[in-house]
Each structure stands twice: as structure tokens, then as C-alpha cells.
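S.K.: The listed protein sequences correspond, in order, to chains W and H. Using my numbering, the first residue of the first sequence is number 1, and each one after it goes up by one. Using my numbering, the first residue of the second sequence is number 1001, and each one after it goes up by one.
No lab work stands behind these hints, which were simulated from the structure alone. The structure presented is a predicted model; accordingly, all values stated were derived computationally and were not measured. Using N, Cα and C, we set each Cβ at its ideal position, and we do this for glycine too.
Have a look at the derived ranges for each label pair, beta carbon to beta carbon:
hint: 1; chain 1: W; residue 1: Thr112; chain 2: H; residue 2: Ser1163; range: 33 to 41 Å
hint: 2; chain 1: H; residue 1: Asp1203; chain 2: W; residue 2: Thr112; range: 49 to 57 Å
hint: 3; chain 1: W; residue 1: Ser151; chain 2: H; residue 2: Ser1163; range: 46 to 54 Å
hint: 4; chain 1: W; residue 1: Phe120; chain 2: H; residue 2: Gly1064; range: 54 to 62 Å
hint: 5; chain 1: H; residue 1: Tyr1013; chain 2: W; residue 2: Val126; range: 48 to 56 Å
hint: 6; chain 1: H; residue 1: Lys1168; chain 2: W; residue 2: Arg188; range: 33 to 41 Å
hint: 7; chain 1: W; residue 1: Glu3; chain 2: H; residue 2: Glu1357; range: 52 to 60 Å
hint: 8; chain 1: W; residue 1: Pro121; chain 2: H; residue 2: Asp1108; range: 54 to 62 Å
hint: 9; chain 1: H; residue 1: Ser1039; chain 2: W; residue 2: Val110; range: 33 to 41 Å
Sample of chain H residues at the chain W side, in silico, Cβ under 7 Å:
hint: 10; residue: Phe1082
hint: 11; residue: His1090
hint: 12; residue: Pro1100
List time: in silico SDA-like cross-link candidates among lysine to any residue, alpha-carbon distance up to 20 Å:
hint: 13; chain 1: H; residue 1: Lys1105; chain 2: W; residue 2: Gln185
hint: 14; chain 1: W; residue 1: Lys189; chain 2: H; residue 2: Asp1129
hint: 15; chain 1: H; residue 1: Lys1182; chain 2: H; residue 2: Gly1003
hint: 16; chain 1: H; residue 1: Lys1131; chain 2: W; residue 2: Met172
hint: 17; chain 1: H; residue 1: Lys1105; chain 2: W; residue 2: Thr182
hint: 18; chain 1: W; residue 1: Lys107; chain 2: W; residue 2: Ala95
hint: 19; chain 1: W; residue 1: Lys189; chain 2: H; residue 2: Leu1091
hint: 20; chain 1: W; residue 1: Lys189; chain 2: H; residue 2: Asp1108
hint: 21; chain 1: H; residue 1: Lys1120; chain 2: H; residue 2: Lys1182
hint: 22; chain 1: W; residue 1: Lys189; chain 2: W; residue 2: Pro169
hint: 23; chain 1: W; residue 1: Lys189; chain 2: H; residue 2: Arg1130
hint: 24; chain 1: W; residue 1: Lys189; chain 2: H; residue 2: Lys1105
hint: 25; chain 1: H; residue 1: Lys1012; chain 2: W; residue 2: Glu103
hint: 26; chain 1: H; residue 1: Lys1105; chain 2: W; residue 2: Ser183
hint: 27; chain 1: H; residue 1: Lys1131; chain 2: W; residue 2: Ile168
hint: 28; chain 1: W; residue 1: Lys189; chain 2: W; residue 2: Phe200
hint: 29; chain 1: W; residue 1: Lys189; chain 2: H; residue 2: Ala1104
hint: 30; chain 1: W; residue 1: Lys189; chain 2: H; residue 2: Arg1102
hint: 31; chain 1: H; residue 1: Lys1012; chain 2: H; residue 2: Ser1039
hint: 32; chain 1: H; residue 1: Lys1007; chain 2: H; residue 2: Thr1066
hint: 33; chain 1: H; residue 1: Lys1131; chain 2: H; residue 2: His1090
hint: 34; chain 1: H; residue 1: Lys1369; chain 2: H; residue 2: Gln1270
hint: 35; chain 1: H; residue 1: Lys1369; chain 2: H; residue 2: Gln1263
hint: 36; chain 1: H; residue 1: Lys1114; chain 2: H; residue 2: Asp1129
hint: 37; chain 1: H; residue 1: Lys1131; chain 2: W; residue 2: Pro197
hint: 38; chain 1: H; residue 1: Lys1131; chain 2: W; residue 2: Glu171
hint: 39; chain 1: H; residue 1: Lys1007; chain 2: H; residue 2: Asp1022
hint: 40; chain 1: H; residue 1: Lys1131; chain 2: W; residue 2: Ala196
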Amino acid sequence: MREVDKRKIGLVLGIVVIMVWCLLPVVWMVSLSFKSADAVTVGSPGFLPSGGDGFAGFDNYVDAWNNTQFRRSILNSVGISLIATTLSVVIATLAAYAVARLEFRGKRFVLTTALAIAMFPVVSLVSPLFDLWRTLGLFDTWPGLILPYMSFTLPLAIWTLSAFFREIPWEMEQAAQVDGATSWQAFRKVIVPLAAPGVFTAAILTFFFAWNDFVFGFTLTSTETARPIPAALSFFVGADPFSRPAATLAAAAVIATIPIVLIVLIFQRKIVAGLTSGAVKG
Amino acid sequence: MSGITIKNIVKKYGDGFPAVNDVSIDVQDGEFVILVGPSGCGKSTLLRMIVGLEDITAGDLFIGDTRVNDLAPRERNLAMVFQNYALYPHLTVFENIAFPLRLAKVPDAEVDQKVRAASKTLELDEHLDRKPGNLSGGQRQRVAMGRAIVREADAFLFDEPLSNLDAKLRGQMRTEISRLQKRLGITTVYVTHDQTEAMTLGDRVAVLKRGVLQQLATPRELYENPGNLFVAGFIGSPPMNFLPAEVEGTTVTLPFGSVRIPQEMADKVQGRGLLMAGIRPEHFEDADLTDRATDGAVFTAQVDVVEWLGHETYAYLPFEAPPEVEQQLRQLEQDLDGESLHTQLVVSLDGSSRITEGGEARIWVDAAKMHLFDPATGDNLTVDRSRSGTIPSHAMQDAADPVPAV
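Looking at chain H on its own, in the form it has when it is part of the complex:
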């Protein structure tokens, strides 16, 4: 078992387009690191470079202390679970799990003992003689993991392992993977586009966009201190709201009204003109339901749609954005694989809220939790650097770049 060090890794394809650009991540021994981002952000390419299925154009890759750039996949001693499981359909479950051991010419008795141990862990005992074609999705998933754990590999690599399962099974398998990883204490790199998996599984999460690392931090740091607009919009569901904002003194003018922010926050953003405010849906509340609704941060707004979920209520409040902000929001939406038709505020209120569709609502906002972004570069101006993990400096610039022609 050992850590994985990714140093300034670049992957360029034939047309010169960098699928992965200057990414550096250090995965500690036994750590669970998630690579997350929208489709086409280079996360799978990065994983395939670690395992050796893609050549590395530039940069260094270390497993433990060994530089492995030029080693074949079989010499890297890593185990990988593929998105479609890649089980061998002509072999039984037993032989599928035993395959890596057979290749290593392990004696039969030891193979038997190891495979049975793995199948016991994964509760596959009664399926050992069956062929993968006769198994359900979750069982195939477990066989694929069995094939990885018999290996005693230096690290596990997962490439979107749960994306082929239905929602219920996905939740169960997620817990299963987490438990397994904790028990074996093995270094793990896990690729996903699902932020729930990213937040729940990872010790640390690396957010990628168009091949560039945006931020590498713990899930909590990512959520509370996103480094730029992209990370802020990507992490969290429903996503963070972005509103045009102007700051004067400690007063922030939003489309719905003005709110006050703490002095230290205001100091960071003075004299910047038009900014982009980011507020998470849960930092709003129905003014009638909170006793903190006194500090001049209450506004009235027209309610477009209400979704009542029992324990909470989502309300959608439309607003008009100035063109320069609108442009940035559309760009962001595109980066996040989303398709939002109009600018609106999503607020998450207590389930007991009585607001109605088409009516007016009094909403209180927790202004201290607000983030302020530079609309041109996308940088988070109010980020707390001591609690935001790693934000590569070039990621800041990149966020402002227009979409490269593909």
C-alpha cells in the first residue's frame, strides 16, 4: 500500500487539445480521493493515466516512491473497477475473481482461500459457480470489486462504478464501498460525476473543469469555501444561487433588496463595482419562521413555484439580471452541463412554511454565509484561504477564459 503523487500531469491528444492540463494531486497512503467534474472534464482520462491505460504527455506520476510513467499497467500493481465492470463473461464468478491470481501463478490452495475470503466479504458465496451474465447489476458490481480486493494492490481505482445501478442500489453500494475502503485502509481514487458520491465518500475531493484542477479540499471545505464560481455552482444540490450584487460599505444591494454583511467581508470587496453574490438555498428562511429575521436582511419577493417536500420547501423566485451577469451565469450553466432557461432564486425553507405560489413572501437571508465572486474571473473574493484546501492559481485565470473551440 502506498500513496499516489500526481505532479503537473498533462494529457494532450493528437489534435493538441489538453484533456488534462497541469494537474497536481497528492493522494496520501490510505486516503480516499474523489475526482469529480462534469462530463468531459478529464477526470476519467486522469484515472486512466494513473492506471497506465493512457500515456502521460508530460509530468510525473509516482506510486509510493517509484516513478511509474513508463510502466505497463500490469507492472503498477493497481486494481481498477470499470464503469461497465468488464467482467469476463466466459468465466465463472470464482474464476473472474481469481483471474489476477491465476495470472500471477498463485498456487491453487491459496487462490481458493483468497477468493473465498473475498467472496465472503462481498456476500457472493452462493454465486461463485455462476456466470456474470446471470447476475444482477449489484452482484456484478460486487464481483468487479472482488477482483480488485484479492489482488492486495497498492491502490484501488474506481471509474464511475455506480453509474449503471438504479438509485436505491447506488445508495447501498456507496455505503458498501465506503465501509470496505475504511476496513482495508487502502489508497483509493474514485471518479464520479455525482456530487453526492463525491461528498459522502471522499476524504478529499478534486474538482476538475475542462482538464484543469479547480480545487482540492475536503467536502466540507468545498461546500463552505468554494474557490470560484464553478466549484460553488457544482457542489451542492439544489445549487448555489448567483445574484448580481453591489457593495457599498457593509451594505450589499441585491435584486430583491439590500442586506448587511460583516465588516471584514466587506473589506475584501470594496470598490469592485458589480459583483456576483453566491448564497446557498438553505441560507434563506421564511421570515415568519425565524427569530433572527431582525437584522435588516429581510426582503419581499414574488413566488413563482413552490415544491413542498415534507421536511423542507423549495420556492423559486424569478429576478432580472443585468446583461453582464446574465452572460456569466449562462456560461457557468454551460460548464455545469445544465440548461437553465431563466434567472431565478431557489430558496429552501422550513417544511412548515405557508408561502403560496403566485403570492408574495417575506424571506430572510443569512448574509454572513454569502460569498462574493468577481464576475469577470469567477474568483471567490471572500474565500477563507485557511479553510479552502488547495486552489491552484491558474484555475482562477482559467475560470475566466472563454470556452475553447473544440
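Chain W extracted, bound-state conformation:
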């Protein structure tokens, strides 16, 4: 009994420590976003916004939202991330299925190359891409960002998904084919639903990468036509270039975090539902 109690206390303590460690910056950001600009520059020592002049209410959010560049960058980020995620997951699903089910020459080569690409340092590719994209006319466009995002997330997605496909017994497709399905129908109606947890995992990973990327977003864009949020935030300069509007930036950052939290919550439910849907035999 006591042993159990001790373990429980230890568990709770551990969770609290990790939660504080992870959430402190987020809470700080939220707190900052409610402080008035003056309070920040003057130096308001309190963690929470002080009363009176120190508290800005939702002014910072309104300011951030009213900035057309910021709104445009949200559109860019959402559009680019969603398109990159969708394309990447679709291609990865097909590729991973082939990798899991077919024996072909160079399979190992494809897999290792994919892994090598994923490990490649992003920064080293930026300058050549910059030149290449300018020549090809992809600089400062949506496809100019979607392509690198896809190529960096595909390897991981393929690896994750092929592991999922390998877990699905061959009999599933065979049963479907005997039941009258074409190979494509068997894949679409049986295999993909069964691999759904894997598909969503891959989707989340891809979306994270695209949404959080700064290096590509910063270097491969020059105007607001394609600049995503992380890059846009770095260009967020208020009226006075020597005192950056930290409070407004914080508010903008909070807004930028909301979609990712939503997406994780939605997908997480799918992942859990998929994992508990039951095995093939008992």
C-alpha cells in the first residue's frame, strides 16, 4: 500500500516537473501578449501583467490581427503546410505500400537514400536552392516552399508508413481480392483504413515540419506573397525599429500556435481510435 502511494507521488511529481519545463515558455508568451507595450519597455518585473497601465487586454491581439502582412502570412502558412502535408502523405502512402509489399531491385537503396536525405542539414541546401529557385522562377512562390518541405518530410513519412503496412497481414489483401476487389480497391478499402493511425502520424509529423520551418521560409521568400508565419514574425517591426513590439509579437505567436494545437487534438483522437480498433485474430 505504502509502496504504491510512494510511486504515485513520484509519478505526479515527475509529471509536474515536465509540465512546468514544457509549458513555462508558452505561459510566459501568453502572459507577455497581455502586457502593454510601455510595461514591456519600461520593465515590468512581474511574471503576470500588472494592473492598471500594465495590462493591455486584447489590444495586442487586435494590433497583430489588423496587420495585413501577418494575416497574409497565416494564409501562406496554412496553405503551404496543408498542401505539402497532403501531397507528402499521399505519395508516402503509395511509396510505403510498394516498399512493404513488393520485392524490387534497389529497394534498400531507395530506403537508405531517403533516410540520408532526411538527415541532410537543411542549412547547407539553402544557398543552392536559392539560386536554383531564382533561375526556375520558383523563388517567393508557394511551390517554392512546398517542394523542399515535401522532400524533407517524405523519407520519414515513408519509413513510418511502411512499418505500418508491414504489420498488416497479407491475407487482408488476398481476402479482399477473393471477395472481388481489384488490387486498387483492396488497397483503398482495406489497407489504407487499417493503416490510418500511420497515415495520421505521418501527417502530423509533416505538418509540424512545414508549419515550424524558419530557414526555408526566411531565405526562399522575399515578399508577403509566400512568406510563412515564422519568417513573417521576424520581419515584424513596429513604428520604432529600435524597440521591437515584443507584446504584439507574443500575441502574434500565440495566434500562430492555435492551429497546430487544434490539428494535434483532432489527429490525436484519430490515432487513438485507429490503434484500438482490434487485431486480426485472437
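On the provided structure of chain W, position chain H as indicated by the hints.
M.R.: Using the frame of chain W, we list chain H on its own:
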């Protein structure tokens, strides 16, 4: 509904080893045929070739009058129940059963009506909304069968459908499958390694060994007239006893003594030297318990172990076999997936027998029921060809071949 004709079918894998070698079986319309054999005999491969999941290397496969060698599985209109059921875990029981109909784009009302009819037959009504993951083994088995029967397929194929169930359920499902097949009158091919299933379910049974058809006959014919040593040893439990035997006139000398056999039987085996006698355990009896124990077929033997089962008693009587027979017996044991450590005779006596372990017993043998095999080729020399179904001639030779290097 239609018959299935398998003509000289061969399956060779990449390394050239024939998993199925020149097998011919004709399954009549509405017939229940069993493919049976020890593991690795090619029975599942043969079934998968019929359904189209494996390519056929050579030979012809007909369903009805259509040659289907090159048709995809979905074009063959066959229904199959897999060993692990292969239910779709993301679909409810209803949708699992309806799956083939949905693929065929059957209207919803008809789907509903057919699925409910099938679920009624299989007593799955209260489970229709559940997912396969929440069902017991027997229920999953029934769902898999439901998926097969809604199809109105030309034939049913079963791939060891009961091997994942416990013994009690297996017995019940066996009866269930038999009843269903009789009621629907549908052509069925059923793969199993379990000889009880083979004997009880099949109209005819095809015994395979290392990809070669050994004998195709009714269960009774297989039991009473096995074509060779392999079939004789495979069918029956406890298995047939094999003893070294020498025939002179109508006298057969066995390790335990001599017995007389009928003249016509003796004629078939004259001048062959050392033979292998096959006698089923139930063709022995405690000499004190039978009034037929007079015709010079009684011998005395040391009893090693006695197993009393109530209605009958098994007694184990050890004997020494000459090396050439011993070699053949070991080979046979290996073919049958068995592992017998010493040569012994198993006799099944009446339950009231009073023989004791370590003692001597007087045993009578029904010599007329004995089979005599050629120890070199394994052929049954005393087989009654008119009541033994089909015994392909090459099976005889194959029985003598040493194990191919795999």
C-alpha cells in the same frame, strides 16, 4: 455452382523445387473434397492456386468448363475462408459480411436482405454491429463463413479453418460446416492436416505428400485400402502398426509369431522376401475376450505400457526390427511429421481387458485385415484396386524416393 477440375498441375518456386507436382483431382459439382497431408505437402499451395493467389507453373485448372489459369482471383467467383479468418478489423460484422456485395455494387436493400439471411443461418444476428476485434474465435470463424456464403460463389475453399479454435469448438464448427455444405449443396475444397476433419467432412479425400498426390478416395476406402505405406500410416489414430513380415505359403512370420492369411492374399505376395505388414490397432484383441481366437493367430508378448480409456485399452508391445525395416519406418515417421523413438506395436483392446503393464499378454490378430507392403517402394501389395479410389502410378515410385535435399 460448378465442379473444379485440376489437371496435371505443377507449382515450382524460384529455386525449381516443385511444391506441387503433377496433381490431378476432379471435384464434382456439389462435392466436398479434402486436401490432407503433413505440413509442407503442398495442400495449401494447391488451394491457393485454385483461388488464384498463386500462379500455376504448368497444367490446367477448370471451374465448370472455363479454363481459369490466367484469371485474377476476383474473376473466378470463388469464396475462401482463411486460416486466420482475415476479417477486416475496421468494419463491423455486418459490413464484413457485406463486403463482397458492396464491391459488386449490389443495391442496399438487397445487401441488407442477404446479409441478414446469412447472419440468421450462422446465428450472428446479435453481433452485426460489433467489430471483429470484440468477437470470440468461433464467432470470427462464423463471420468469415458468412462472408463466403453471401457471395453465391461457384465453390467454397477452406484453408485450415478450424486450426485456431480449441478442441471443443473445433468439433462443433466441424459439424456446422458439414451441415452448411450439405444444405447449400455447394462444391467445397477443404485443406486440413487433421485427419479427423478429413475423415468426417469429406466425400472424398486427397492425400498429398511432398507435393505429390498419393491417393484420392472416400474416407472408408482410404482407411480400408490404403495405396501405400504413407497413406496407411497417415490415416487412422492411433496409426497403423508396421511390422517386418515374411510370407511362406499362407503363413506370415511376424516378430511375435506366425499367423495365417487367406490364400488369395498370399498369392499376391509370394516370393517377395522381407515385407512390411500393416495391421491397425483395432484388429488386435485380447485372446481371452474373443471367441475367434482359435485359428492359429494368437501370440504372446511382453506388455510395456497400458492406457485404459474406459471403452477400450491401448497396450504398447515393443519389438526389434531388422535394420532395413527400421530404416523404412524411420523414414515414414519423418514423412508423417512424427517422432517415434522405438519400434513398438500399439494394440487396441476391449475396455474390459485385464492385461497389466510388465506382464505377458495373449493377443489375437485378425490376419485377414492385414496389409502387406513392399518395404522398398512402400506399395501396398494387397490393395483391393476396385475399392481404393485413385492411386496415381507415380505416387508409388515417389514413396520410395529418398527425401530430396531442400
